[in-house]
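2 protein chains.
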Amino acid sequence: MKEIGIALLGLGNVGLGTYRILADHARDIERRLGARVRVRHILVRDSGRARPEDVPAALITRDIAPILADPEVSVVVEVMGGLSPAREFLEKAIASGRHVVTANKALLTAHGEALFSQALARGVDLHFEGAVCGGIPIIRTLREALASDRVSSIHGIVNGTTNFILSAMADEGSTYEDALARAQKLGYAEADPTLDVNGMDAAQKLCLLASLAFAARVSPKDVHVEGITSLRPVDITLGREAGYVLKLLAIARRLPEGLDVRVHPAFIPGASPLADVRGAFNAVLLQSAALGASLFSGLGAGSLPTGSAVVSDIIDICRNLLAGVSGRLPMLSAPYVQEVPQIPSDERRGPVYLRFSVSDEPGVLGRIATVLGEKGVSLASVIQRPARPEDPHATIVVFTHTARERDVQAAVQWIDALRSTRSPTQVIRIEEGPGVLRVGG
Amino acid sequence: MKEIGIALLGLGNVGLGTYRILADHARDIERRLGARVRVRHILVRDSGRARPEDVPAALITRDIAPILADPEVSVVVEVMGGLSPAREFLEKAIASGRHVVTANKALLTAHGEALFSQALARGVDLHFEGAVCGGIPIIRTLREALASDRVSSIHGIVNGTTNFILSAMADEGSTYEDALARAQKLGYAEADPTLDVNGMDAAQKLCLLASLAFAARVSPKDVHVEGITSLRPVDITLGREAGYVLKLLAIARRLPEGLDVRVHPAFIPGASPLADVRGAFNAVLLQSAALGASLFSGLGAGSLPTGSAVVSDIIDICRNLLAGVSGRLPMLSAPYVQEVPQIPSDERRGPVYLRFSVSDEPGVLGRIATVLGEKGVSLASVIQRPARPEDPHATIVVFTHTARERDVQAAVQWIDALRSTRSPTQVIRIEEGPGVLRVGG
Numbered sequence: 001m002k003e004i005g006i007a008l009l010g011l012g013n014v015g016l017g018t019y020r021i022l023a024d025h026a027r028d029i030e031r032r033l034g035a036r037v038r039v040r041h042i043l044v045r046d047s048g049r050a051r052p053e054d055v056p057a058a059l060i061t062r063d064i065a066p067i068l069a070d071p072e073v074s075v076v077v078e079v080m081g082g083l084s085p086a087r088e089f090l091e092k093a094i095a096s097g098r099h100v101v102t103a104n105k106a107l108l109t110a111h112g113e114a115l116f117s118q119a120l121a122r123g124v125d126l127h128f129e130g131a132v133c134g135g136i137p138i139i140r141t142l143r144e145a146l147a148s149d150r151v152s153s154i155h156g157i158v159n160g161t162t163n164f165i166l167s168a169m170a171d172e173g174s175t176y177e178d179a180l181a182r183a184q185k186l187g188y189a190e191a192d193p194t195l196d197v198n199g200m201d202a203a204q205k206l207c208l209l210a211s212l213a214f215a216a217r218v219s220p221k222d223v224h225v226e227g228i229t230s231l232r233p234v235d236i237t238l239g240r241e242a243g244y245v246l247k248l249l250a251i252a253r254r255l256p257e258g259l260d261v262r263v264h265p266a267f268i269p270g271a272s273p274l275a276d277v278r279g280a281f282n283a284v285l286l287q288s289a290a291l292g293a294s295l296f297s298g299l300g301a302g303s304l305p306t307g308s309a310v311v312s313d314i315i316d317i318c319r320n321l322l323a324g325v326s327g328r329l330p331m332l333s334a335p336y337v338q339e340v341p342q343i344p345s346d347e348r349r350g351p352v353y354l355r356f357s358v359s360d361e362p363g364v365l366g367r368i369a370t371v372l373g374e375k376g377v378s379l380a381s382v383i384q385r386p387a388r389p390e391d392p393h394a395t396i397v398v399f400t401h402t403a404r405e406r407d408v409q410a411a412v413q414w415i416d417a418l419r420s421t422r423s424p425t426q427v428i429r430i431e432e433g434p435g436v437l438r439v440g441g
Numbered sequence: 001m002k003e004i005g006i007a008l009l010g011l012g013n014v015g016l017g018t019y020r021i022l023a024d025h026a027r028d029i030e031r032r033l034g035a036r037v038r039v040r041h042i043l044v045r046d047s048g049r050a051r052p053e054d055v056p057a058a059l060i061t062r063d064i065a066p067i068l069a070d071p072e073v074s075v076v077v078e079v080m081g082g083l084s085p086a087r088e089f090l091e092k093a094i095a096s097g098r099h100v101v102t103a104n105k106a107l108l109t110a111h112g113e114a115l116f117s118q119a120l121a122r123g124v125d126l127h128f129e130g131a132v133c134g135g136i137p138i139i140r141t142l143r144e145a146l147a148s149d150r151v152s153s154i155h156g157i158v159n160g161t162t163n164f165i166l167s168a169m170a171d172e173g174s175t176y177e178d179a180l181a182r183a184q185k186l187g188y189a190e191a192d193p194t195l196d197v198n199g200m201d202a203a204q205k206l207c208l209l210a211s212l213a214f215a216a217r218v219s220p221k222d223v224h225v226e227g228i229t230s231l232r233p234v235d236i237t238l239g240r241e242a243g244y245v246l247k248l249l250a251i252a253r254r255l256p257e258g259l260d261v262r263v264h265p266a267f268i269p270g271a272s273p274l275a276d277v278r279g280a281f282n283a284v285l286l287q288s289a290a291l292g293a294s295l296f297s298g299l300g301a302g303s304l305p306t307g308s309a310v311v312s313d314i315i316d317i318c319r320n321l322l323a324g325v326s327g328r329l330p331m332l333s334a335p336y337v338q339e340v341p342q343i344p345s346d347e348r349r350g351p352v353y354l355r356f357s358v359s360d361e362p363g364v365l366g367r368i369a370t371v372l373g374e375k376g377v378s379l380a381s382v383i384q385r386p387a388r389p390e391d392p393h394a395t396i397v398v399f400t401h402t403a404r405e406r407d408v409q410a411a412v413q414w415i416d417a418l419r420s421t422r423s424p425t426q427v428i429r430i431e432e433g434p435g436v437l438r439v440g441g
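Chains as they are written, first to last, in UniProt numbering: chain G, 1 to 441; chain D, 1 to 441.
Some hints could be false.
To be verified - Simulated restraints on C-beta separations:
#  : chain 1 : residue 1 : chain 2 : residue 2 : range
1  : D       : 56        : G       : 374       : 58 to 66 Å
2  : D       : 117       : G       : 27        : 21 to 29 Å
3  : G       : 255       : D       : 51        : 30 to 38 Å
4  : D       : 3         : G       : 258       : 29 to 37 Å
5  : D       : 382       : G       : 56        : 54 to 62 Å
6  : D       : 23        : G       : 220       : 32 to 40 Å
7  : D       : 60        : G       : 376       : 50 to 58 Å
8  : G       : 257       : D       : 256       : 53 to 61 Å
9  : D       : 221       : G       : 192       : 54 to 62 Å
10 : G       : 323       : D       : 221       : 32 to 40 Å
11 : G       : 114       : D       : 31        : 18 to 26 Å
12 : G       : 404       : D       : 243       : 40 to 48 Å
13 : G       : 335       : D       : 38        : 16 to 24 Å
If you are wondering where the hints come from, they were derived from the structure by calculation, not from laboratory data. Here a beta-carbon is modelled for each residue, glycine too, at the ideal position from N, C-alpha and C.
One chain only, chain G, in its complex shape (with noise of 0.2 Å):
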């Protein structure tokens, strides 16, 4: 039986899943493949760390160049993480000609670019299913299956940690420190998780996601982000009694004038699909011309779903190799992503949820409901509640009609200026856009 030589760079919780599946799932994909796909080398960077029982040390190396001196690896397979020396690898591998598959969503998002062009010139595949959402396969989903099709918006629950965080607190009541604490505990979420709930996370999945969705160049400083760390089990409560279920919401929209692109904590239906997504679940809603509403939801990482992930892509790779051919599919580089406006976040409208704290004294609901009135924007109704023992101030929430964010912003200024106001104004969307999944009936 024909064999196809691999490498794997790095064996962290990727690499091992990958190297697992790769062994435990050897008969089911020669079966599929009419080839077996043979693991030749794997780099590891880090000596100090016990290699697991089931990898043989004799696959084991430190360094690149033996990699690409062995004439029979094919694929390289890049699942270390971080910028350098992942990024040299990649190039390497793909400068020798070797198709490449990456798991690395900063690498992609910061030199994803040159990197796709660098494989065009060359000749060869460079697949990232495991870079956004490892157990959806939304990168082929969008690639292939709505090659048909129009994107219109991608809504995407596409951070586990920062959901189930929100999960915790949503069902617990527990503050965002605890629910944190737990997450971690739980290994849910890492022992350094600001780029999880700062949303970058989120934010560099959605460049890709918006990058294949809309054919167009979408990087980290062109998406409004905004994190969870603000967030107070009140806010969930509130919410919750309004019909809303809170979400940190990736959002990519085309709209006529441009590219809206952002993440955010968001309110959302509660009877939307996504509000059901919990704990370390993801979940991407696609609006298209052709299919309306679709909905892909999965395990968003792990050793095994990225793993997977991550085996797909080489098993497509060895597909091409069997058939002799590469670059059957567009790269994200020029000419196929081209440079498309972006409209700034301010200019967005819709409702949005306030939270204002304040002392408890007569005369504050009316000054903050002039404040926003000045501004433009309209009351769509308020809850007034009074100091309590855990909580000295008092607390005014509003759900304002539909908004231009710039209107909300100067009126919060302002409002968050006023001697009456004890801390700052917490500000959420509440996005209707990712609505029920319902036809007639």
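Chain D: place on chain G using the hints.
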């Protein structure tokens, strides 16, 4: 720019959707392909039907001969439906070396293996994304994204007509007949809905999904099929009171003893992601070794969703043509698909809901409980409702613990023969399998 010629066989609902997507998204498709897709012929048999204005008369032909004689036609797309002459046309197209696309699940379940074998021998591609759940790229997902994984079960809502009817019965308390009439009026059910409501349409789709997922030969005769025509609003109401939602489920599971493949109405937990799939939407929930649970949801049928699936197949074949390859994916025929033992449906073990319609007299519940106990069917809970003006018989509903289907059937046979039993007992299986997409949290 390079041009790829295609021919459409059929210009019904799906054919017209395919034509319009190719026309409306032509520029996007050109950019993605680097080539133009040109419809050169459309075969229309029914000369009485008015030609839509946007389809040029010059494209229409009544005969397959000019299509086969045109050397510029590389891909033949069968969207006419029915077994004959669709089968003969596809055979001729394959024999002449054309790649083929079909959306014809009935044809593929009846004669798929012969067609796939012929395509394999002739070295051409045969794609069929449009045959199952138009708006969900589930064929592609199973053939490619999950090529790395081992699927253990499929739970699907794969028929939009029955899902629409059951949603309407649940939401409005309609009878089956009223809900069907409304579905027909709104275009969600055909004038002759037999194959939808008796479960056969779902069974055909399930055969294709199970064949792909398990590389196994699965034909409709292997599938235990029950439709929805005997369901009554009271079943939906009583199930809901116990926390369940009633759906027509297509289920395929790989167990150590073989495959368990069936289509029937089932109660699923209200928290299941499938419980929220409403109206004309379809959804497929997969369980696999590496990914765990993953869910795919979208519109199940319709001109544009199915047309979009067909066009994505056309694009995939065009990518192969431009690269000069074919046969990248395994065909659903030997040697890839194999014989796998089937588990008889009466070996199923699980809880069931039983609704008995009985005369309102003393001792009836005792007799029923005795028969169930003798057959080894143990009761989890019982509801007894007296006769009412709208129903002259008393109703007894039993939720059982896990029981073997054969034992349940034997008990029901006994009970239906009792003098006190007024109409055949309603048996609805309870499937806890498609549980909640939740980790931790």
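Here is what the structure says about each hint:
In this structure the hint that residue 56 of chain D and residue 374 of chain G lie 58 to 66 Å apart at CB holds, the actual value being about 59 Å. For residue 117 of chain D and residue 27 of chain G, the hinted distance range of 21 to 29 Å is satisfied, since their beta carbons lie about 23 Å from each other. Remark: the range hint 30 to 38 Å for residue 255 of chain G to residue 51 of chain D is upheld by a beta-carbon distance near 36 Å. Range check, residue 3 of chain D to residue 258 of chain G: Cβ separation about 32 Å, and the 29 to 37 Å hint holds.
The hinted range of 54 to 62 Å is satisfied by residue 382 of chain D and residue 56 of chain G, whose Cβ atoms lie roughly 60 Å apart. Taking the beta carbon of each, residue 23 of chain D and residue 220 of chain G are about 37 Å apart, inside 32 to 40 Å as hinted. Distance hint check: the CB atoms of residue 60 of chain D and residue 376 of chain G are about 57 Å apart, consistent with the given range 50 to 58 Å. Look at residue 257 of chain G against residue 256 of chain D: about 58 Å separates their beta carbons, and that is inside 53 to 61 Å.
Roughly 58 Å separates the CB atoms of residue 221 of chain D and residue 192 of chain G, a value that falls within the hinted 54 to 62 Å. At about 35 Å, the CB distance of residue 323 of chain G to residue 221 of chain D agrees with the hint of 32 to 40 Å. At roughly 21 Å, the beta carbons of residue 114 of chain G and residue 31 of chain D sit within the given window of 18 to 26 Å. For residue 404 of chain G and residue 243 of chain D, the hinted distance range of 40 to 48 Å is satisfied, since their beta carbons lie about 44 Å from each other.
Between residue 335 of chain G and residue 38 of chain D the beta carbons are some 22 Å apart, a value that agrees with the proposed interval 16 to 24 Å.
When each numbered hint is compared with the structure, no violation occurs for any of them.
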